[in-house]
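Read top to bottom, the protein sequences are chains A and B. Counting from 1 along the first sequence, just add 443 to a position and that's the residue number in the working numbering. Counting from 1 along the second sequence, just add 443 to a position and that's the residue number in the working numbering.
Bear in mind the hints are in silico, worked out from the structure with no lab data behind them. Errors might be hidden in some of the hints.
Chain copies aren't distinguished; within one or between two, either way the pair holds.
Taking lysine to aspartate or glutamate and the EDC-like style, the derived pairs with C-alpha atoms no more than 16 Å apart in a straight line are [said to hold, decoys possible]:
(1) K741 - E570
(2) K633 - D738
(3) K551 - E722
(4) K598 - D531
(5) K497 - D484
(6) K633 - E511
(7) K741 - D599
(8) K633 - E668
(9) K551 - E570
(10) K633 - D512
(11) K551 - D539
(12) K741 - D698
(13) K551 - E734
(14) K497 - D599
Quantities reported herein were computed from a predicted structural model and do not represent experimental measurements.
In case you want the letters, here they are:
Protein chains: 2
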Amino acid sequence: MNLVVVGSVAFDSIETPFGARERILGGSATHAALAASFFTDVRVVAVVGEDFGKEQFAVFEGRGINTEDVERVAGARTFFWRGTYDFDLSMAHTLDTQLNVFADFRPKLSSPSLACTNLFLGNIAPELQFEVRRQYAESDYIALDSMNFWIESSKDALIRALETVDVVLLNDAEVRLLTGEPNLVRAARKVRDWGASKVVVKRGEYGAALYSEAGVFALPGYPLETVIDPTGAGDSFAGGFLGYLAAHTEQALTDEVYRRAMAYGSVMASFNVEEFGCERVQRLKLSEISERFDDFRKMTLLDEYPLEWLLAR
Amino acid sequence: MNLVVVGSVAFDSIETPFGARERILGGSATHAALAASFFTDVRVVAVVGEDFGKEQFAVFEGRGINTEDVERVAGARTFFWRGTYDFDLSMAHTLDTQLNVFADFRPKLSSPSLACTNLFLGNIAPELQFEVRRQYAESDYIALDSMNFWIESSKDALIRALETVDVVLLNDAEVRLLTGEPNLVRAARKVRDWGASKVVVKRGEYGAALYSEAGVFALPGYPLETVIDPTGAGDSFAGGFLGYLAAHTEQALTDEVYRRAMAYGSVMASFNVEEFGCERVQRLKLSEISERFDDFRKMTLLDEYPLEWLLAR
Numbered sequence: 444m445n446l447v448v449v450g451s452v453a454f455d456s457i458e459t460p461f462g463a464r465e466r467i468l469g470g471s472a473t474h475a476a477l478a479a480s481f482f483t484d485v486r487v488v489a490v491v492g493e494d495f496g497k498e499q500f501a502v503f504e505g506r507g508i509n510t511e512d513v514e515r516v517a518g519a520r521t522f523f524w525r526g527t528y529d530f531d532l533s534m535a536h537t538l539d540t541q542l543n544v545f546a547d548f549r550p551k552l553s554s555p556s557l558a559c560t561n562l563f564l565g566n567i568a569p570e571l572q573f574e575v576r577r578q579y580a581e582s583d584y585i586a587l588d589s590m591n592f593w594i595e596s597s598k599d600a601l602i603r604a605l606e607t608v609d610v611v612l613l614n615d616a617e618v619r620l621l622t623g624e625p626n627l628v629r630a631a632r633k634v635r636d637w638g639a640s641k642v643v644v645k646r647g648e649y650g651a652a653l654y655s656e657a658g659v660f661a662l663p664g665y666p667l668e669t670v671i672d673p674t675g676a677g678d679s680f681a682g683g684f685l686g687y688l689a690a691h692t693e694q695a696l697t698d699e700v701y702r703r704a705m706a707y708g709s710v711m712a713s714f715n716v717e718e719f720g721c722e723r724v725q726r727l728k729l730s731e732i733s734e735r736f737d738d739f740r741k742m743t744l745l746d747e748y749p750l751e752w753l754l755a756r
Numbered sequence: 444m445n446l447v448v449v450g451s452v453a454f455d456s457i458e459t460p461f462g463a464r465e466r467i468l469g470g471s472a473t474h475a476a477l478a479a480s481f482f483t484d485v486r487v488v489a490v491v492g493e494d495f496g497k498e499q500f501a502v503f504e505g506r507g508i509n510t511e512d513v514e515r516v517a518g519a520r521t522f523f524w525r526g527t528y529d530f531d532l533s534m535a536h537t538l539d540t541q542l543n544v545f546a547d548f549r550p551k552l553s554s555p556s557l558a559c560t561n562l563f564l565g566n567i568a569p570e571l572q573f574e575v576r577r578q579y580a581e582s583d584y585i586a587l588d589s590m591n592f593w594i595e596s597s598k599d600a601l602i603r604a605l606e607t608v609d610v611v612l613l614n615d616a617e618v619r620l621l622t623g624e625p626n627l628v629r630a631a632r633k634v635r636d637w638g639a640s641k642v643v644v645k646r647g648e649y650g651a652a653l654y655s656e657a658g659v660f661a662l663p664g665y666p667l668e669t670v671i672d673p674t675g676a677g678d679s680f681a682g683g684f685l686g687y688l689a690a691h692t693e694q695a696l697t698d699e700v701y702r703r704a705m706a707y708g709s710v711m712a713s714f715n716v717e718e719f720g721c722e723r724v725q726r727l728k729l730s731e732i733s734e735r736f737d738d739f740r741k742m743t744l745l746d747e748y749p750l751e752w753l754l755a756r
């Protein structure tokens with residue numbers, strides 16, 4: 444019942460049609476770890492600079508997340524991203540990326556991290572993902588996320604990495620780009636043929652689908668009235684999804700457990716976008732999570748239907 | 444247990460990355476009527492030209508659809524549309540539109556059509572939709588579809604028409620354009636405030652959502668491996684949805700009935716896109732419909748979850 448999250452920890456400056464924030468806490472590992480922390484014990488493996496201080500570490504600690512493996516480089520600065528969103532919030536436009544300490548990031552895993560049996564390889568260079576994965580046992584549970592940047596620049600390395608994991612999480616544009624297949628059913632099968640037995644395709648406001656040996660499970664997006672900042676939604680999904688799975692790996696990971704994990708991922712993503720950065724998830728309550736899970740169940744509930752009626756026509 | 448469908452009947456020439464067809468049977472009323480005919484008795488109100496012959500009428504008759512109110516204008520030609528789709532099939536590009544007889548279409552409803560209590564106002568000029576609607580009783584069940592062309596050219600007339608109906612069906616881009624509201628929850632509420640108690644937002648491959656006094660019901664899209672031609676998918680959805688409702692208006696239209704209607708609409712749309720034009724739906728069997736409905740139910744099934752587990756953490 445633990446999860447190691449490897450990825451980026453960053454400062455984000457974000458502008459959306461609903462406001463702006465300067466240098467708030469962000470990064471793939473941050474969003475994923477915060478979301479997962481509601482379900483399981485979490486350890487973060489990342490790198491930050493000297494500008495990353497007590498205030499930022501306190502956010503992790505506030506959720507009981509272990510930051511022992513967050514390397515702090517003296518005299519250097521933390522990864523910084525500046526982006527803006529249009530009116531419909533569907534796409535981020537990058538205005539500035541300063542890799543800083545992230546440029547030379549080599550994940551250093553302590554013994555307690557290596558002793559964990561659940562690993563999330565967040566969005567970092569595929570070569571690093573592969574290197575970290577190799578330090579874990581074949582039987583450990585490994586998940587991997589990526590993005591269009593790596594698909595375009597390091598496709599072969601990415602495929603090599605995803606051949607060695609249990610579940611791959613990508614959004615629909617990424618899985619199409621990676622496989623060259625516009626049809627998502629075929630695209631997901633291609634990724635599964637490479638090795639990962641399960642593929643989660645995230646579709647932003649349209650929901651998410653899980654492709655596995657059990658078939659397809661799909662969820663619509665949660666109908667939010669207030670969407671302020673989509674940054675980190677995919678990572679929050681991954682955190683909720685993998686956190687729930689990590690809490691259940693000691694039992695069998697049945698199709699029912701996976702379906703619930705998909706719903707928890709969707710729940711965490713839906714909260715994440717309601718405010719800037721991690722603001723909403725930081726002060727989230729378990730009761731709110733369970734209420735929204737229930738909303739999801741009710742929103743998608745379809746009863747058995749009288750087959751006979753139709754066939755009698 | 445009957446449905447009147449008013450709309451276009453057309454010849455379509457369609458090219459997609461998977462093939463092409465010349466002058467095949469199409470039009471909003473055609474797709475909707477064929478889909479609805481599996482659930483209820485259907486009457487079509489439309490206009491065609493002299494080029495519309497026995498072969499085309501036979502498609503309607505083959506599904507038991509009454510074409511008494513399909514006006515055939517001598518010496519004139521049927522509405523013709525030529526369009527093409529890109530690789531991802533997400534958008535139709537119109538190459539040619541010849542309104543022909545459709546330019547002067549004034550729906551003429553016979554007494555049997557006027558005696559029906561379920562009416563679908565397919566995608567025609569809002570002024571005509573309003574005129575037809577006025578010939579029905581307040582208590583009759585009226586549904587309306589439209590498209591961006593009418594939203595841009597006849598917005599006021601469209602709003603006047605939709606104020607008088609029970610359910611409005613639009614795709615997500617259309618509902619945003621109509622209301623000027625990018626958030627779908629707010630956009631749907633605005634349409635409901637105008638008068639229609641229910642709003643169905645279609646999202647193509649991403650599924651569909653129903654906004655009503657009962658809240659939101661949402662379905663993901665059916666994961667199709669083979670999509671050949673998306674033309675008429677929205678009308679097929681409307682036909683399946685309204686056909687199922689029409690078969691139940693003598694009972695109470697509960698939230699459960701609406702949910703099933705949404706699933707039947709999705710089922711009919713999913714079959715429609717598997718081949719060109721009406722080819723797939725024409726030879727569809729009821730057993731195939733019921734199987735795919737069941738697939739939908741299984742694909743979205745989320746069990747009750749142990750609240751206690753989460754809250755105990």
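Taking the hints in turn, this is what the structure says about them:
{"no.": "1", "hint": "K741 - E570", "verdict": "neither (42 Å within a copy, 38 Å between copies)"}
{"no.": "2", "hint": "K633 - D738", "verdict": "neither (33 Å within a copy, 22 Å between copies)"}
{"no.": "3", "hint": "K551 - E722", "verdict": "neither (28 Å within a copy, 59 Å between copies)"}
{"no.": "4", "hint": "K598 - D531", "verdict": "neither (30 Å within a copy, 22 Å between copies)"}
{"no.": "5", "hint": "K497 - D484", "verdict": "neither (21 Å within a copy, 70 Å between copies)"}
{"no.": "6", "hint": "K633 - E511", "verdict": "neither (38 Å within a copy, 51 Å between copies)"}
{"no.": "7", "hint": "K741 - D599", "verdict": "neither (42 Å within a copy, 36 Å between copies)"}
{"no.": "8", "hint": "K633 - E668", "verdict": "between (36 Å within a copy, 12 Å between copies)"}
{"no.": "9", "hint": "K551 - E570", "verdict": "within (14 Å within a copy, 69 Å between copies)"}
{"no.": "10", "hint": "K633 - D512", "verdict": "neither (35 Å within a copy, 50 Å between copies)"}
{"no.": "11", "hint": "K551 - D539", "verdict": "neither (27 Å within a copy, 62 Å between copies)"}
{"no.": "12", "hint": "K741 - D698", "verdict": "between (19 Å within a copy, 11 Å between copies)"}
{"no.": "13", "hint": "K551 - E734", "verdict": "neither (38 Å within a copy, 52 Å between copies)"}
{"no.": "14", "hint": "K497 - D599", "verdict": "neither (39 Å within a copy, 57 Å between copies)"}
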